[in-house]
Each structure stands twice: as structure tokens, then as C-alpha cells.
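Okay, here's what each chain looks like letter by letter:
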Amino acid sequence: MEVFGQLAGGFATALQPINMAMLFIAVVLGLVIGVLPGLGGTSGVAILLPVTVFIAHGSLPGSDATTAIIFLAGIYWGALFGGVITSILFNIPGEPWAVVLLFDGFPLAKRLGRPGLALASSFVSSFLGALVSTILFTFFALPIALKALQFGPAELFAVFVLSFATLIGLGAEAPMKSLAMLALGLLLAAVGFDTITGEQRLNFGFISLLSGISFVPVTIGLFGIGEILASAEEQGIGYVENLSARLGLRDVVQALVELRKRLRLVLSNAVIGFFFGVLPGHGATAASFLGYGLARQYSKNKENFGKGEISGIMGPQAAADSAGVASLVPMITLGIPGSPTSAVIMAGLFVWGLQPGPVLFIQHPDFVWGLIASIYLGHLLTFILCLLAVPLLAMIMRVPYAIITPFIVVISIIGSYSLNNSMLDVFITVVFGVIGYWLRKMKYPLAPLVVALVLGDSTERELRKALIAGHGSPLYFFNSGLSTALMLTALVLVLIPLFRTLRARRAATVAGVSAPKPAP
Amino acid sequence: MRPYQVGTAAAIILIAAVAMFDSRAAFNPSAGTAPGDVGARWYPFWAAAIMGVAAVVVVYRSLVTPQAAEGVFSGRDSVFAVLKLAIPMLLYATLIGGVGWRTEEFTYTVIPPLGFYIGTAVYMGGFAWWIGRYKIWSVAAILVLFPLVIYAAFELGFRVNLPKSFLYDLGVLPF
Chain L
1 MEVFGQLAGG FATALQPINM AMLFIAVVLG LVIGVLPGLG GTSGVAILLP VTVFIAHGSL
61 PGSDATTAII FLAGIYWGAL FGGVITSILF NIPGEPWAVV LLFDGFPLAK RLGRPGLALA
121 SSFVSSFLGA LVSTILFTFF ALPIALKALQ FGPAELFAVF VLSFATLIGL GAEAPMKSLA
181 MLALGLLLAA VGFDTITGEQ RLNFGFISLL SGISFVPVTI GLFGIGEILA SAEEQGIGYV
241 ENLSARLGLR DVVQALVELR KRLRLVLSNA VIGFFFGVLP GHGATAASFL GYGLARQYSK
301 NKENFGKGEI SGIMGPQAAA DSAGVASLVP MITLGIPGSP TSAVIMAGLF VWGLQPGPVL
361 FIQHPDFVWG LIASIYLGHL LTFILCLLAV PLLAMIMRVP YAIITPFIVV ISIIGSYSLN
421 NSMLDVFITV VFGVIGYWLR KMKYPLAPLV VALVLGDSTE RELRKALIAG HGSPLYFFNS
481 GLSTALMLTA LVLVLIPLFR TLRARRAATV AGVSAPKPAP
Chain X
1 MRPYQVGTAA AIILIAAVAM FDSRAAFNPS AGTAPGDVGA RWYPFWAAAI MGVAAVVVVY
61 RSLVTPQAAE GVFSGRDSVF AVLKLAIPML LYATLIGGVG WRTEEFTYTV IPPLGFYIGT
121 AVYMGGFAWW IGRYKIWSVA AILVLFPLVI YAAFELGFRV NLPKSFLYDL GVLPF
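Respectively, the protein sequence lines represent chains L and X. Residues in the first sequence are numbered consecutively from 1, following my numbering. Residues in the second sequence are numbered consecutively from 1, following my numbering.
Everything labelled a hint here was simulated from the structure, so no lab data went into it. None of the values given here were measured: they were computed from a predicted structure. The beta carbon of each residue, even a glycine, is placed where N, CA and C say it ideally should be. Among the hints, erroneous ones may be present.
If you want the footprint, here are the derived chain L segments under chain X, 3+ residues with CB under 8 Å [said to hold, decoys possible]: (1) 183-192; (2) 196-209; (3) 224-231; (4) 353-360; (5) 413-419; (6) 437-451; (7) 465-478.
Could you build the full structure based on these sequences and the hints that come with them?
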């Protein structure tokens, strides 16, 4: 099997001392980021993205672009695990995908007095979920990429349209708000020069806007600064529960016994999480809620949910970590990010001079297989660190607000400045921080904005290449069976919210007719 | 909640209108555009149009559907908590680069650039003193240690050249 040979080569790359050292540092940073309530995985990855430019260009002995992606992805793996620690011990979710652990993780820790078991249950299921997802990643990535190599501009444009339609049709927020954010992202991506004709546009006479609006400062602002403003409003680190953060061997053994009882649930949630994570815009957070719902639906002990049921921890965790890994699949194989975090990682590829998508498998196999191997190693490392270092990680929650909050701002400013040595980028970060905070309050989703900003240029390029190839005829998009199928699927996805509304109205009308009229 | 929703959507409509005005040549592709191509302005024009139409629908829906009665903030404390973080952050970003403007003959400086390291010391020290209510020696330790650690990690470790102060330009300080 060709895959095993490629994977062995990937392990040889990932196991190089510099790559292992950076993976270790990244995982520790990710765990810290995961634990901090004011800083999410996406913003952590975005803030540290500029650092990877120096790693990719060999600032460290032996480092290259593979080291950079291992570092960036390692932060994400750490954050996936770390976010749950504060949910279970302090009743404060460190990450959006850890919110669901407040339902059963915290009750198991507090009411039933088993914080160690709750943590161990979360870690073993996260690890198994990620492992299943990484195995699927290993075997699915190459065939998808090889198929994608045959895509022309019409198929590529249809894939982009499909990913945008997924964000609108399957998003949690109002579809029109998703559409507005998506279009805003496309518009921001169009600022500067037109890549085909070289014409200036949307720069309003400002020379500094000619190079366009860089993706990194916008993301650091929307996620990094936006999140800490939101957490400041909630008085973030205010009341903190004080549970024991010790995790003993007994807890781990019991968690493994409990895992064995729920192996079918965890494995099926991991597989579902994988396919859910592959869909654009549906990273770990949505999968965690789906995983919880499935665990509850098929449990014989539904009444125990919300009171410390272990399935309520293992189900969502397996799905969330699996989806987190899977969100890299479309990014690597098709050049389409599966989640905001993978959008940031994809921006990293552009910055290091690589083109995400199927060509990566041909031109840079070391890079792709090194990344895949590092996912196995990264999760193993994170799992071991979590078992050993929970008390240390829990102590981070006790770092005072007056120090940690301005420190996050300082790191965000460094991140936005250092990419282009530009003070304009610093202001873009701050302004988008405020905008991101406000949009969040107004319930506008940020994922479509970020994904569209990353994909905007490629979408326009493929659209216009297809139109040129088709002599201006839009029918060119329906020339091949694949692009037609993708376009029709996109149409169906966009119409889903409309069907939902119509069905809800119909149900309300029926209920209104059949309900007895109130007495006058 | 309704006025805030309408106001936000109105701001989006305004951005869309400005972008559409800038891209008004969408239907008149410039010379040199390849046969079949739609030109440089078509794509931003329609992206802005879609954004504007979506925001108009958001306005309509927020006017006709019931909205939560409470305001956008849960109370005065939560507004102050955000402002306490946002205003020093804006000042910090401004002070790093300084305030001034340039004409063809002369550069006017209102506040000289403090650079990243002095700006960070002032910002972190000020935050610890104002929000954390720390004693003066703790504040002093914070305003010295953090810039030093950042200098060692970024300037020496990753060789990131962060903005320097006017005192660096005068040759007084190394940062």
C-alpha cells in the first residue's frame, strides 16, 4: 500500500528533533490557550501565525515549512484538549467546543466528587476520537486530492460555492446574517489589485490599501481581541470553583473501563464527527453538540444526562476532536478550510509560499505526510501531557485578570504587526476586534466572514477563468456532471433555511387552527 | 435590541452602497479585459449588492419579528468592563506609532512614537495599577519584566523587528 510508505516517510519527517521540539512547545501553548477563557484556539493559532513565518524560513536550525505547520496544528490539538479542563474543574468553558462539558463534566466533578474521572474520561475519548479521525484522514486524503487534481475552473468554483452554501444553509445563526458576513468577506478580499487585470479597486485613494486587507490581522482582531472584549463583559475570570485538579492512575483505569462500555458510542461519534468536520464551517464546536445529542438519544440512561453521565462527556469529546482533525482534510486536499481555525492554518500556507490544495500532495509530499504523522504524535503527546500536568494547567486559571488580559492584547499586537512590519495592520486588528465583538453581540456569525476572506481571491479567479473559458457563458458551469451536481447541492443547501421556515410556519398555522380558542 | 440590530444592518448597507458606488464601472469592463471576462469591478459590485440585500432583509426581519425586550448590555457594569479594556487598548495601539501627520514640507508630531517596548511597559504597568490595584513595586516589576521577556523571545529569539521609540531614533535607548 502506497499510503503506508508515505506515512512512514511522514513519521521520519515529524520525528526529527526540531519538529518534535516545536510540536511539544506548540501542544503546551495550545493547552495553555485552551485553558484561558479569554483566548480561543482560533485566535491562539492566528496570533502565533506570524511567528511561524520565521520558523518556516529557517530562523531555527533545521526548521522549514513542515516545522511551521506542525507547530501551528499542534497549538490546535493542545487547545482541543485544554478547553475541557476549565469546563470540568471551574465550570467555565475554556473553548467554545468545551461548553457542552458543562452539562455533565462539571456535575460529575462537583456533585459526584469525581473530577479526576471526569477529566480522564474526557481525555481518553478525545484521544480515541482524534485517532479514528486521523486514520480516516490518512486513507481519505490522497484519493480526494488525486480526484481534485482533475478539477477545472468550473469544478473548483462549484466547490467554493458549495462550501459557502454549507455555511449559509447549515449555520446556527440567521441565514441572511451568514450571507451578509460571507459577502463582506468576499468584498474585503477584493480590496487592492485585481489579480487578473491588475486594476486598482476599493482602495479609495489610500496607497496602503493597494496591497489588500491581510487576512491575519483581521482574524487576530475578530477572534483574539473580540473574544477578550466579550470575556471582559462577562467579567470572565470572576467566580472560580475550586475543585481538586488531581488525576490519579485509578481515574485513568476507571475511565478506560467506562470507555470500553461505551466503545460503540465513541467510535460511531468519532466517525460522524469526521464527516461533519469535513463540511466547511463546521468545526469542533458544532460537532460537540451533535455528539452530545447523539449520546443522549441512544443512551439507556437518558435521565442521568445533566447529572454527571460519562456518556455525556465521552460522546461530545470524541465527535469534537474528530471534527477538529477532519477540518484539515478539505483544507489540505481541496484548499477549502473546514473551520475558522483551519482557515487560519491555510492562511499560514499562503504566507509560507505554499499553495493549499491537491498540488501539495505532488509538489510537497514531505510537508503533507509530515503533517499527517504529526497529528498522531501531537495527540499522543497532548494526551500524555494532560494526564500528567492537569494541576499545573489548572493553576493558569489563577493568573490575575489584570495581567493575563493586557498580555493577550500585547501578543495580538505583536502577531498583527510582525507579519508585514505594518502599523496599519495593528490598527486593522484593533478595529476588527471591536467590530468582531459587536458582530458577536448582534449574533452575526464570524466563520463565513473569515472563510470568505481566505477564499475570496481564489473564488473570483476560478469564476473568471471559467467565464473566459466558456466565452462568457454561465452555462459553462454546468458542462460537467460533477460541477452540475455540486451546484445543485449548493442550491439545495441554501434553500434549507427557507424550507425550515416554511415548515415552522405551517406547523404554527396547524397548531393555531387546532388549538382551542381561549375563553373571552 | 431592535434599534441595535437595525443600526448594525444599516451600517452594513452603507458599506455595501459605498462599495457598489466604487465598483459602478462593473457593467463597463475596461479595455484589455479578456473576451468572456467580466472585468475587475463586477465581482466586488455583486458581492456588495448581495451584502446590501441580505442586510435589508435583516432590517425587515428585525422590524417585523418580536425582539428581546432587554438592551444589548446586561447592565452599566458590563459596559464599563468593556470600555475599561477597549479604551486603553486603543490608546496603546496609538501610542506605539505616535500621533502626527506629514505634509510635503514638514512632519508634525503631536505625540512622538513610544515604540512597542515603552508602549507595552506603560500599558501593562498602567493596567496592573488601575485595574489590578497592585502595589507600586509589583507594577514596577510588571512594566520591566514583560517587555524584557518579549524582547528576548521575539527580538532575539525569532528576530522580529518590533517598532522602536523616538528615543531609539535619537540614539538614547536601544528600543
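Evaluation of the provided hints:
Remark: the region 183-192 of chain L is confirmed as covered by chain X, as 5 of its residues place a Cβ nearer than 8 Å to a Cβ of that chain, reaching the required three. Here's how the region 196-209 of chain L fares: 6 of its residues keep a CB closer than 8 Å to some CB of chain X, so the rule of at least three is met and the hint holds. For the region 224-231 of chain L, the stated coverage by chain X is satisfied: 3 residues place a CB nearer than 8 Å to a CB of that chain, which reaches the threshold of 3. Figure legend: the region 353-360 of chain L, annotated as covered by chain X; annotation inconsistent (0 residues with Cβ-Cβ distances under 8 Å, at least 3 required).
Using a Cβ-Cβ cut-off of 8 Å, 4 residues of the region 413-419 of chain L lie near chain X, which meets the minimum of three, so the contact claim holds. Counting residues of the region 437-451 of chain L whose CB lies closer than 8 Å to any CB of chain X gives 6, so the stated coverage by that chain holds, three being the minimum. For the region 465-478 of chain L, the assignment as covered by chain X holds, since 7 residues bring a beta-carbon within under 8 Å of that chain's beta-carbons and 3 suffice.
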